[in-house]
Amino acid sequence: MEKDKTNNAYVREMKPTEYYQNFREITRSFERAWFGENDVQKADFQKLQPQFQGFVSSIK
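Numbering-wise, our numbering puts 88 at position 54 of the sequence shown, and it's gapless, one number per residue.
Treat the hints with caution; some may be incorrect.
Unchecked claim - Pair by pair, the computed Cβ-Cβ distance ranges are:
#1 L82 x T51: 18 to 24 Å
#2 D78 x N41: 24 to 30 Å
#3 M35 x Q87: 19 to 25 Å
#4 A77 x K49: 28 to 34 Å
Hints were generated in silico from the structure; no laboratory data involved.
All C-beta atoms in this analysis are idealised placements derived from N, C-alpha and C, irrespective of residue type, glycine included.
Please model the entire structure based on the sequences and the hints provided.
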């Protein structure tokens with residue numbers, strides 16, 4: 035991880051990989067919550083959790 039690298043830079047690096055789609059969606063969800071100052075609702079978490087767990091499992 036690089037201090038000055040943006041989330042979008044990491045997403046672009048993932049583009050040629052099989053992980054791109056899930057990583058992009060997870061990153062977008064994070065950015066909406068963090069930078070949009072939106073509270074994450076239980077339904078949002080329940081929707082994202084399996085996607086995140088699948089992503090983590092796929093990179094192990």
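Between the beta carbons of M35 and Q87, is the distance compatible with 19 to 25 Å? holds, 21 Å
Between A77 and K49, does the C-beta distance stay in 28 to 34 Å? For A77 and K49 the Cβ distance comes to about 29 Å; the hint holds.
Can you tell me whether the CB distance of L82 to T51 sits inside 18 to 24 Å? Roughly 20 Å apart at Cβ, these two residues keep to the hinted range, so it holds.
The hint says 24 to 30 Å between D78 and N41; measuring C-beta to C-beta, is that right? violated, 18 Å
When held up to the earlier numbered hints, the structure conflicts with hint 2 and nothing else.
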